[in-house]
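Number of protein chains: 4
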Amino acid sequence: MTQPLVLTLSCTDRPGITARVTTFLFERGGNILEAQQFNDRASDAFFMRVEFDPGDTSRETIRAEFAPLADEYSMDWKLALRDRPRRVLIMVSKFDHCLADLLYRWRIGELPMEPVAIVSNHPREAIEHTHLGDIPFLHLPITRETKAQQEAQVRTIAEDTDAELIVLARYMQILSDEQAAHFAGRCINIHHSFLPGFKGAKPYHQAYERGVKMIGASAHYVTADLDEGPIIHQDAESIGHADTPDELVRKGRDIESRVLAEAVRLHLEERVLLNGQRTVVFSG
Amino acid sequence: MTQPLVLTLSCTDRPGITARVTTFLFERGGNILEAQQFNDRASDAFFMRVEFDPGDTSRETIRAEFAPLADEYSMDWKLALRDRPRRVLIMVSKFDHCLADLLYRWRIGELPMEPVAIVSNHPREAIEHTHLGDIPFLHLPITRETKAQQEAQVRTIAEDTDAELIVLARYMQILSDEQAAHFAGRCINIHHSFLPGFKGAKPYHQAYERGVKMIGASAHYVTADLDEGPIIHQDAESIGHADTPDELVRKGRDIESRVLAEAVRLHLEERVLLNGQRTVVFSG
Amino acid sequence: MTQPLVLTLSCTDRPGITARVTTFLFERGGNILEAQQFNDRASDAFFMRVEFDPGDTSRETIRAEFAPLADEYSMDWKLALRDRPRRVLIMVSKFDHCLADLLYRWRIGELPMEPVAIVSNHPREAIEHTHLGDIPFLHLPITRETKAQQEAQVRTIAEDTDAELIVLARYMQILSDEQAAHFAGRCINIHHSFLPGFKGAKPYHQAYERGVKMIGASAHYVTADLDEGPIIHQDAESIGHADTPDELVRKGRDIESRVLAEAVRLHLEERVLLNGQRTVVFSG
Amino acid sequence: MTQPLVLTLSCTDRPGITARVTTFLFERGGNILEAQQFNDRASDAFFMRVEFDPGDTSRETIRAEFAPLADEYSMDWKLALRDRPRRVLIMVSKFDHCLADLLYRWRIGELPMEPVAIVSNHPREAIEHTHLGDIPFLHLPITRETKAQQEAQVRTIAEDTDAELIVLARYMQILSDEQAAHFAGRCINIHHSFLPGFKGAKPYHQAYERGVKMIGASAHYVTADLDEGPIIHQDAESIGHADTPDELVRKGRDIESRVLAEAVRLHLEERVLLNGQRTVVFSG
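Chains as they are written, first to last, in UniProt numbering: chain C, 1 to 284; chain V, 1 to 284; chain A, 1 to 284; chain W, 1 to 284.
Worth flagging that the hints you see were computed from the coordinates, not collected in a lab. One or more of the hints may lead you astray.
Heads up, the list lumps identical chains together, so a pair's fine if it works in one copy or across two of them.
[Claimed, not checked] 20 Å max Cα-Cα, derived DMTMM-like pairs, lysine to aspartate or glutamate:
{"#": "1", "residue 1": "K251", "residue 2": "E270"}
{"#": "2", "residue 1": "K147", "residue 2": "D56"}
{"#": "3", "residue 1": "K251", "residue 2": "E110"}
{"#": "4", "residue 1": "K94", "residue 2": "E164"}
{"#": "5", "residue 1": "K202", "residue 2": "E125"}
{"#": "6", "residue 1": "K202", "residue 2": "D53"}
{"#": "7", "residue 1": "K78", "residue 2": "D13"}
{"#": "8", "residue 1": "K251", "residue 2": "D40"}
{"#": "9", "residue 1": "K147", "residue 2": "D243"}
{"#": "10", "residue 1": "K78", "residue 2": "D225"}
{"#": "11", "residue 1": "K78", "residue 2": "E269"}
{"#": "12", "residue 1": "K202", "residue 2": "E247"}
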């Protein structure tokens, strides 16, 4: 049986793109299972995601034959196996609620990923509540002096494990510009506030001091400009005057876990396309 | 300048439909502004909505030339001017919050409609807070004995005014099966509960008695089977133990108003397609 | 029949305050209808709101006899008639959705207020969709040169009308520090973003540019420090990549209207107490 | 150092109750940390929850001296140590997301409980993804014939372990009337729909068939009348036409986990009082 494929693409918008792409697939026996497009009239850009059953045509043939069409439109494009689990490197610090949540979702088949390693700047004992199973755990402590070296180690691990996605699951360390650039477009961070409010450290304490009536969390791609990367998903919840900073931290854990899990799912399913500093999310 | 068109269609799903439709539009100079499709794999049905600039091709030409293609696929389809205000008949009872809300949204240009008449079973004074302006108001009282006659009057008014959509904005009267059938697919009701819970009368009091922790509202197409019509939109909000039935009614007004307005907007913009007892909503 | 009263108070927290206050009321024949308290352990402050039926004791007697107790605890306190409509001055600019919403809620008895005047820097025609009825409308244009003078006029109007609350219902003008100080604690503004994000002008356009996935609105007391006043209420909604700035403005109107109306209701019902830069909201 | 206590009570509403209770505590050196009350005017009932530091007075003294006051008002009341972990028996079937979520929250100190046993009608392997640690796991299969016997075993386990709360964390078995009565007021179930809609089996499939636009979950006390017990907490989320029953199940897991965890937290913190078929929830 053939395996479903996912074609994602973006390019300058021109009349006829959808017709060209869908006719291309039809002529090769492809059957569309799900398709979305977005014509961004502000930037004159076009975005498309198609899940399809390729019939008797191999992925290699489709790729080879689509290339000229893609060139003609100067497309950024990708043709992926829909159901192949993506290889994911997860980085964590002392707070493991996002990690535990991601691993549970993976184990019950909710997230199509294969965790290749867990990297932490704290020892294994710091996250003793989380059931890691056979996933390799690497303790890579970091100090100001060793930062460059530690980041190089992370890059090596990512390379050795063929990691396709790096998830900062409350990693609590700021990546250097070089590291952010190295993982551009394939590194997702969860920030524990409703960006752009409360950037930086201790956002729940900032929220408490300011007296806001809602808190939130934001999952975004990591860029050199801290907390300014393209946002994938956000959520927020009401709070009240009786909520102490500790209560905000507790309530925030739930929001962080589900926002990060949703962003990771969307990325793994090839549903997120970059549109400058923003994202196009074909949420299905 | 040509006016944008909206093509909506549904049919049995078959490979190549998207290619055929979009190629058809491209060959006639059409430029897609927004497009969505849904391949319902459970029922093997296909749904599509395309907003496009038809270029130099007239709507009549497109309609005439699309007909054979539509026949080939046994499509249910519609080709409409995107920006022509739809003619809307609004029916109301004593509670006018949904009516006031719809009219305000219309006046500021948020809803692409033209209210052709307001029909109520109560006299004009019952809704004195609402600014009707020049919209004709018709008082059509109803009793068990006069129901058939009153409904015939409503049908005549709908016909005389060329009403395309009937909105039951808290009309509080149950349409007869005949009336529901007559307006099938073009009559939207707002039910003041989160269907399927609390059907029938006084849903907020039912909710209070049951002790639920959320209340909601549901906008749906009217069918003979009361409160069982295809749902277009729903929303809900948290409530607490201190909320009396009166408080629920107050909080409910907000939910009802915004749920109905959203459903009406979606319908007016041709974003709602029927899928058996359910709806496909291309929310944009 | 006696009229229910509302006692609100705040002071340094000390053991026995609740006992003292409730015993005081009981000994004078008062019957509590609703009561809330908040012991802020971070700042060691105490806040209380009691709705009660005073029985045969007059408000004046209660006030006179409560004063020594209040002095003993150095309380900030207020004793008000619960059901007396508060006199409200509403200021508006060209966008009247919040004004229309507030007035509709007032007319159907949802907001216990008496609108004493509408002040706008634009002429009456700018908000032609809103049904003002008999409420005096005052057009007070403002320029950089006339700002001081116009603000003095507003203060005079507020004084002449005995306005207890000033509502900036999308007034779109920044009050001078003097004006903000003059109306301290009784002037509510609606900011069309989820503060602290997107302060300043055109927040929806800022939100669009940043690519956030939620937008919100914040109702807060006006202080000299623009957009930094104590927040009373906030709400937010999800948006998507297809939402243009115009769509955000449209969606935002709903959030703004309901957030401002809720904040005004809470204030009118004496449910909001100041706690430094934050608020205590006894939402009932 | 003295340990904080929680006093909860309900009785017929009469003037002066708050004064009597708070004066009682003050006279014994108690210092209120948090207090809520609810005067239910519809049923003329009074509910109160007070967290307090008892100073030098022992819990036993307070209990003994409060009894006459409680008798005078015919109170239902309870005086508990605030911070003592409650002993909890968790029952589960094949779906372990709620169980995994509860145990994680317990391990990081979010839920003040002590899990005394996990009981399942399926063997340990059915929930292999969940890290049980040292918590005893008991496999008690159930058939129509052995139901009475199995339920007796559960009662014995509950008794032997001094379980104070029974949590049905997607247990998927209907308790007999006798069992429901036995655990009345101390058995919480999570129903995977927004009650009162979609009672009974496979609620997500029912929701899909009906075409609703939101799904939800309800945590409630178990009573003999299935799915009709007093509701403690509910939440809901929007869904769309593209969501298959499997997607609803996936999205539902998140809602179920957080609704059940919140209900359990509220119960463990003595924040839920029964008010006939409804609950009073002092959510803090």
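Taking 20 Å as the upper bound on the Cα-Cα distance, should K251 and E110 be classified as within, between, both, or neither? between (23 Å within a copy, 10 Å between copies)
Intra- versus inter-subunit Cα pairing at 20 Å for K202 with E247: Intra 13 Å, inter 33 Å, cutoff 20 Å: intra-copy only.
Between copies, within a copy, both or neither: which fits K78 and E269 at Cα up to 20 Å? Intra 12 Å, inter 33 Å, cutoff 20 Å: intra-copy only.
How do K202 and E125 come out at 20 Å by Cα distance, when the copy is not named: within, between, both, or neither? So K202 and E125 fail the 20 Å test inside a copy (23 Å) and across (41 Å) alike.
Checking K202 and D53: alpha-carbon separation at most 20 Å within a copy, between copies, both or neither? So K202 and D53 fail the 20 Å test inside a copy (47 Å) and across (30 Å) alike.
How would you classify K147 and D56 at a CA-CA limit of 20 Å: within, between, both, or neither? Neither: 50 Å inside a copy, 53 Å across copies.
Up to 20 Å between alpha-carbons, please classify K78 paired with D225: within, between, both or neither. neither (26 Å within a copy, 48 Å between copies)
Identical-chain pair category, K251 with E270, by Cα at 20 Å: between (29 Å within a copy, 19 Å between copies)
Within, between, both or neither: how does the pair K147, D243 come out at a Cα-Cα threshold of 20 Å? neither (36 Å within a copy, 40 Å between copies)
For K94 and E164, with the copy left unspecified, which applies at a CA distance of at most 20 Å: within, between, both, or neither? Classified as neither: same-chain Cα gap 24 Å, cross-chain 32 Å, threshold 20 Å.
Intra/inter-copy verdict for K78 and D13 if alpha-carbon distance must be at most 20 Å: within (18 Å within a copy, 26 Å between copies)
Within, between, both or neither, where K251 and D40 count as close if Cα-Cα is 20 Å or less: between (36 Å within a copy, 19 Å between copies)
Hint violations for this structure: numbers 2, 4, 5, 6, 9, 10, all remaining hints satisfied.
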